[in-house]
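Visitor: The chain contents come next:
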Amino acid sequence: MNKRIFAILVAICVILPVLAGTSRNVKADSSPVLSLQSAYTPSTNVAPRDIGQTFTLKLHVDNVTNLWSWKVKLTWDPTYLNMTTDPTENPFLNNVNGTLFLSTPYANTPGTINLVSDTSLGSLGASGNGDLATFNFTLIAHGYNYTTINITDAVMQDFNNPIAFTTVGAIVRNTVPGDVSGSTLGVTDGTVNMRDIAYLVSLFNTKPSSPNWNPNADVNVDGVVNMRDIAIAIAHFNQHI
Amino acid sequence: MNKSKNRARTITAVIAVLMIACTTSLLINRSYALLTPGVLKIDGSSTVYPVSVDAQANFSSWLADPANGWGISGLTVNIPYPPPGSGTGLNELVGGTIDMAAASKFPTAANVAALPTMRLFPIAVDSVAIIVHSAGGQTPGNLITQLTAQNVSDIFVGAVTDWNAFNPAIPSGTTINVAVRVSTSGTADCFQNFFLKPFHRTTANITSSASVETDNQDIINLMTNPSSNWFIAYVGLGFTDVVPPPNVQTVSVSFNGGPYVSPTKTNVKNGSYFPYRYLFYDTAGVLNATDAEMRAWISYVRSPIWSAWPNPNPIGNVSAMTWVDKEGYIRLPWADLANSTNVPSVILGGGSDACPPNQQNYPDQLVNYDDIVYFSKAYVAAHNGGVVDPLCDFNADGKLDLTDIRGFAQSFIAANS
Chain E
1 MNKRIFAILV AICVILPVLA GTSRNVKADS SPVLSLQSAY TPSTNVAPRD
51 IGQTFTLKLH VDNVTNLWSW KVKLTWDPTY LNMTTDPTEN PFLNNVNGTL
101 FLSTPYANTP GTINLVSDTS LGSLGASGNG DLATFNFTLI AHGYNYTTIN
151 ITDAVMQDFN NPIAFTTVGA IVRNTVPGDV SGSTLGVTDG TVNMRDIAYL
201 VSLFNTKPSS PNWNPNADVN VDGVVNMRDI AIAIAHFNQH I
Chain V
1001 MNKSKNRART ITAVIAVLMI ACTTSLLINR SYALLTPGVL KIDGSSTVYP
1051 VSVDAQANFS SWLADPANGW GISGLTVNIP YPPPGSGTGL NELVGGTIDM
1101 AAASKFPTAA NVAALPTMRL FPIAVDSVAI IVHSAGGQTP GNLITQLTAQ
1151 NVSDIFVGAV TDWNAFNPAI PSGTTINVAV RVSTSGTADC FQNFFLKPFH
1201 RTTANITSSA SVETDNQDII NLMTNPSSNW FIAYVGLGFT DVVPPPNVQT
1251 VSVSFNGGPY VSPTKTNVKN GSYFPYRYLF YDTAGVLNAT DAEMRAWISY
1301 VRSPIWSAWP NPNPIGNVSA MTWVDKEGYI RLPWADLANS TNVPSVILGG
1351 GSDACPPNQQ NYPDQLVNYD DIVYFSKAYV AAHNGGVVDP LCDFNADGKL
1401 DLTDIRGFAQ SFIAANS
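Going down the list, the sequences are from chains E and V.
Take the working numbering: the final residue in the first sequence is number 241, and no numbers are missing along the way.
Take the working numbering: the final residue in the second sequence is number 1417, and no numbers are missing along the way.
Simulated from the structure, these hints should not be mistaken for lab results.
Backbone N, C-alpha and C fix where the C-beta goes; we use that ideal spot for every residue, glycine too.
Any given hint could be a false lead.
Claimed, not checked - The following label-pair restraints were derived from C-beta to C-beta distances:
#	chain 1	residue 1	chain 2	residue 2	range
1	E	N161	V	D1401	35 to 45 Å
2	V	A1113	E	N161	52 to 62 Å
3	E	D153	V	N1288	35 to 45 Å
4	E	A164	V	T1266	35 to 45 Å
5	E	T148	V	A1165	56 to 66 Å
6	E	D153	V	T1214	39 to 49 Å
7	V	A1113	E	D153	31 to 41 Å
8	E	T138	V	Q1146	25 to 35 Å
9	V	A1159	E	D86	38 to 48 Å
10	V	P1312	E	G122	48 to 58 Å
11	V	A1114	E	N63	48 to 58 Å
12	E	I51	V	T1266	39 to 49 Å
13	V	A1381	E	A231	25 to 35 Å
Work out the full structure, taking the sequences as your base and the hints as a guide.
Guide: As structure tokens, then:
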């Protein structure tokens, strides 16, 4: 009997902290996050591309409650990227009451769009996860690794109070597609040549769970280094910055 | 018997319905909020006065036309002449003798303490120009075209009294004659904020020999008089910018050791000429459903359509000239509704200037997120049965609807393009 009680107590002592930890994790996971999302994996990354090619990012919110209004400022390095169209609204907030979606002109300030905002025209807000706005960018120059698009001056609020949240910007790989290595293994050199092909071959079939995973070698940002990545490198063979 | 009973009931019901209809009609048409029913009395700033008179011309007939959304007939707008100045207007508002104060300054702390419910409705930005009498009997003419802010301050407090100190071509012993506005005026307040306070002086330090004038027009009359030799004065920018008066020249001013900058609307807007102040209509409190005349007046004066001069314009024409432009003042972007900071303490350094509590509807000459939130909340409030905020009623029809959203958005885009 005593042994049984002792066993139960031990079990409780083990299980409770685990449950508590789980609870903390869930709570931590459920705090609102505002992020720029691409169509790639991971979603905050954008694959390398040719100069002049465009890509789309969605401003996305997770785990929000009663979002009534939001605003962001986006900044990026105008050496590599241009915003090419006015931002457009996504229906997450608009579905509730109709909205007032406004943005400042992107063309006036290279590297920045000072204000993009959306505000509900009713007192109720939107809850859950969803896309808030869509942005289109064009790559205008190649670089040696990556460039970022950052969310700054962001505000989210319900009708009466600000909402606390974190932000995650986007990482845009700006190398020549296929440039994954140079004279130092895994360090890009601005040129696509046999070093890159060999490096991709050496990492063939690696995934994020692989011990030697290098996300930079995942040229098309689909979560695995395979023939598709090698094909891209071959297609850009001998191209350089 | 039953027939006669039924007839009596019917007649009683009809009479009751008629009585209710009459009472409702009286309630709708009656102006509870005005001190004298049927009269909207506005008094105060001589700077705001010309804009008020422009709006007054057609306001009553416009208000009476149901097509404009109000249908309030028989209103008289009483704007006494001469205007006594902002300070007097604010005191009259606090004392309950006028419906609305025209003011070219923030209320004093005493005003706010006496009437904490006071609301301020911004309509424009103005500045103060230093002017000198430049011709007439002066030999030679006054060749002063630029002074530092310290020079101006020294002149007005009597620390320097000889024009020769600023121009050797003017004979030594040429006394500087100073003209100022009464200390309660908004123009005097603006002069104090930018030419006296930075040098630890106030209007109380003005030289006792100064000629004290009641309003801006009195200053202009004095300065344009051919016999007003060697006078210097200050005046609202609007009184020099539209039609530069004869015999008067404006003086460029250097602030904080910077370049000499002429007092023009462009220089005030770009911040190179420091002095500026807001022009307001102030009310005794939040405007309620029964304050239709005052809400209509404020919407009308600010409206992109109705304030357009000389003729009404479509709401999309955000660059149309308005009464504010016509009178030489700087128009605020129509969508500039709010400021998240406490403007007076930021720009004027506190002192006698005060904000009524719990207000955010000060402009900041920016149209940004503060304004979007302000407008959206006003829209939501109006659609939840609240009163229409006249600052947001762009077509002045007493409603907040898609037309106003369009007006706000167009003003936002124009201000940020």
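Visitor: Against the range 35 to 45 Å, how does the distance between the Cβ atoms of E/N161 and V/D1401 compare: consistent or not?
Guide: 28 Å, violated
Visitor: Indicate whether the distance between the beta carbons of E/A164 and V/T1266 respects the range 35 to 45 Å.
Guide: 43 Å Cβ-Cβ, so the 35 to 45 Å window holds.
Visitor: Determine whether the Cβ-Cβ distance between V/A1159 and E/D86 falls within the hinted range of 38 to 48 Å.
Guide: 57 Å, violated
Visitor: Given the range 39 to 49 Å, decide if the beta-carbon distance of E/D153 to V/T1214 lies inside it.
Guide: Hint holds: Cβ distance 48 Å, inside 39 to 49 Å.
Visitor: Is 35 to 45 Å a correct range for the gap between the Cβ atoms of E/D153 and V/N1288?
Guide: 36 Å, holds
Visitor: Is it true that the C-beta distance of E/I51 to V/T1266 lies inside 39 to 49 Å, as the hint says?
Guide: 42 Å, holds
Visitor: Does the Cβ-Cβ separation between E/T148 and V/A1165 fall within 56 to 66 Å?
Guide: 60 Å, holds
Visitor: Could you say whether the range 25 to 35 Å given as a hint is met by the Cβ separation of V/A1381 and E/A231?
Guide: With Cβ atoms ~59 Å apart, the hint is violated.
Visitor: Do the beta carbons of V/A1113 and E/N161 sit within 52 to 62 Å of each other?
Guide: Violated, at about 30 Å.
Visitor: Go ahead and decide if the range 48 to 58 Å is satisfied by the Cβ distance of V/A1114 to E/N63.
Guide: 49 Å, holds
Visitor: Is it true that the C-beta distance of E/T138 to V/Q1146 lies inside 25 to 35 Å, as the hint says?
Guide: 50 Å, violated
Visitor: Does the beta carbon distance between V/P1312 and E/G122 stay inside 48 to 58 Å, or does it fall outside?
Guide: 32 Å, violated
Of the numbered hints stated above, those contradicted by the structure are hints 1, 2, 8, 9, 10 and 13, listed in ascending order.
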